[in-house]
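K.L.:
Here are the chains, one letter per residue:
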Amino acid sequence: MVKILSAVLAILAGVGGMLAFYWMFNVLVERLPQRWERRIKPYLFIGPAIALVALFLVFPAFQTILYSFTNSDNTAYIGLDNYTTVLQDAGFQDALFNNALWIIFVPTLSVAMGLLIAVLADRLKPRGEKISKSLIFMPMAISFVGASTIWGFVYDSRFGQGQDQIGLLSAITTKLGFEPQRWLALAGYSVNDFLLLIIMIWLQVGFAMVLLSAAVKNVPEETLEAARIDGASEIKIFSRVIVPQIWPTVIVVFTTILILVMKVFDIVYVMTNGANGTEVIANRFYSLLFTDGENGQAAAVVVVLMVAVIPVMVYQVRQFRAQEAGR
Amino acid sequence: MSGATATSARTDRSARAMASETATGPGRRGTGMMIVRMVVLLVCLLWLVPTVGLLISSFRDKEAVSDSGWWSVFSSPLDFSQWTVQNYDDVINGEGMGEAFLNSIVVAVPATVIPIMIAAFAAYAFTFMRFRGRDTMFILVVALLVVPLQIAFVPLLQLFSSFDLVGTFPAVWLAHAGFGMPLAIYILRNYMASLPKSIIESAEVDGASHFRTFWSLIVPMSVPALAAFAIFQFLWVWNDLLVALIFLQNDTPVVTSKLKLLIGDLGQEWHLLTAGAFISMTIPLIVFFSLQRYFVRGLTAGSVKG
Chain A
1 MVKILSAVLA
11 ILAGVGGMLA
21 FYWMFNVLVE
31 RLPQRWERRI
41 KPYLFIGPAI
51 ALVALFLVFP
61 AFQTILYSFT
71 NSDNTAYIGL
81 DNYTTVLQDA
91 GFQDALFNNA
101 LWIIFVPTLS
111 VAMGLLIAVL
121 ADRLKPRGEK
131 ISKSLIFMPM
141 AISFVGASTI
151 WGFVYDSRFG
161 QGQDQIGLLS
171 AITTKLGFEP
181 QRWLALAGYS
191 VNDFLLLIIM
201 IWLQVGFAMV
211 LLSAAVKNVP
221 EETLEAARID
231 GASEIKIFSR
241 VIVPQIWPTV
251 IVVFTTILIL
261 VMKVFDIVYV
271 MTNGANGTEV
281 IANRFYSLLF
291 TDGENGQAAA
301 VVVVLMVAVI
311 PVMVYQVRQF
321 RAQEAGR
Chain B
1 MSGATATSAR
11 TDRSARAMAS
21 ETATGPGRRG
31 TGMMIVRMVV
41 LLVCLLWLVP
51 TVGLLISSFR
61 DKEAVSDSGW
71 WSVFSSPLDF
81 SQWTVQNYDD
91 VINGEGMGEA
101 FLNSIVVAVP
111 ATVIPIMIAA
121 FAAYAFTFMR
131 FRGRDTMFIL
141 VVALLVVPLQ
151 IAFVPLLQLF
161 SSFDLVGTFP
171 AVWLAHAGFG
181 MPLAIYILRN
191 YMASLPKSII
201 ESAEVDGASH
211 FRTFWSLIVP
221 MSVPALAAFA
231 IFQFLWVWND
241 LLVALIFLQN
251 DTPVVTSKLK
261 LLIGDLGQEW
271 HLLTAGAFIS
281 MTIPLIVFFS
291 LQRYFVRGLT
301 AGSVKG
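Chains as they are written, first to last, in our numbering: chain A, 1 to 327; chain B, 1 to 306.
Please keep in mind that the hints were generated in silico from the structure rather than gathered at the bench.
Which stretches of chain B does chain A cover? Using the computed rule of at least three CB atoms under 8 Å from a CB of chain A, they are: (1) 37-44; (2) 47-58; (3) 126-137.
By construction, the Cβ of each residue, glycine as well, lies at the ideal position given by its N, Cα and C atoms.
The following block holds chain A by itself, in its conformation from the complex:
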């Protein structure tokens, strides 16, 4: 009861308080000479938003960069030691390799499957299209932890004599005559990594499909008709007419999933916590910080992640500029 009350109070204070703030300062600013009013008012409008962003993102980010050059409890500067330690750490190297796997496979496969379904479902009757798309899009609403539980159950294995398999994967493989496996411990050929990244693909295909489907439907019918009249096959129409026209959307979807995957944490943390060679950068950060108490090294890890994100960030800003120029 107290909790709900405090939530209601927080909403009232957050919304009412902010409203009072804007209104009061607006009244004050309007009393100023008009020249000053015009100058100050914009900063009144963006002030609180910028303050929040500065206080909760920008400022801490710079502090973290500083921390990456300090010891485990941030009390003394130790130069580049954290970076050399982290880069030589086997767990971190593992994480870099696995993140590369995630980055290569998840965005590519999600986009490919999303596009396939978008194009195929487009040919169904409207009802069938709507239902099938809703089903494939649904995992979008499920949390990473929820999805990990769903798939953890799929990957469950039993090893007792005469016990039935209750996990779908083991049930199928034992039916086919194989021995039951501890799936998430299978490090050879990174099998366990792929089992984990299937979960992410399952979650992201719907997102890719929705955006790509909208793009496919926006391809002008005339261009398709023209190609058909020229006698082009359906596959040729797809690869020569549709794909080039939806390419910008493909890139948007790809980069969005790419950024998501670079920071992947929940699935690995919940399923394996990095055991058996499944470590990823964000999980390494978490364990360095909370299990090992190595603040300095954790900061170095997150700075490495940040540096990896910068090219994508530069690309996003460029895209935004180009889009604004065309507005």
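Dock chain B against chain A, hints included.
P.N.:
For chain B alone, coordinates are given in the frame of chain A:
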């Protein structure tokens, strides 16, 4: 931007469906169409089966879940004695999922509502006002969309602990408000920039102040974008694990961190884990299926959330 294309595509859909009835190219009927149907059906099944397994198992009793695969219910689905809601009772009351559910609501609602107005004011200024540093600041907002949140955690924890806020609700509300701000500003500004400039200009000619124009014109016109952001932020906060782990910690579990704890504690007790997981998914699924249209718009408009 892309939100608008999604809507126009929707109106285009029925026209396209009719066109495909009449102007059939090769492969639109017969075997080609059969293959298309089969592939889509197969993918749908593949996508649905894991979730169905979870849902079915959550209603079977402990022995049944651990002794036989969930698919065995299909041999006698109408045998009602095999169904039970005991797991839900156990996990809600016995394992504390009920309390976590309440905590999630207490976290998610303010964390969704509070940033909206702050972002709306900022988006208005970025769209309709001229001031020094405007473009630079907005580029900063765009850049911040992709920053890994982890980079802010340690200094923020120190800041919160100096105010004794770590592990309290205000800490997560503030953190989510701050982390959600770049996306909120980005979505709202892009939407406002697509509104006709003439309306704002005529309001200015009529002598309406910015404050008035904002309240009586821009906010009502921006409702679709406000709704899109609200749904997006709500789902994001509800499904978030990392921010909850760091700033709320395990003394005040939300559904995600509780589910993670149960997985650690209960390991193989799938009858409870499946029920717990399903409880954590109810609200997002309801929001998702009832507001799918707006959700899609939010996704397309702000598909670069950090």
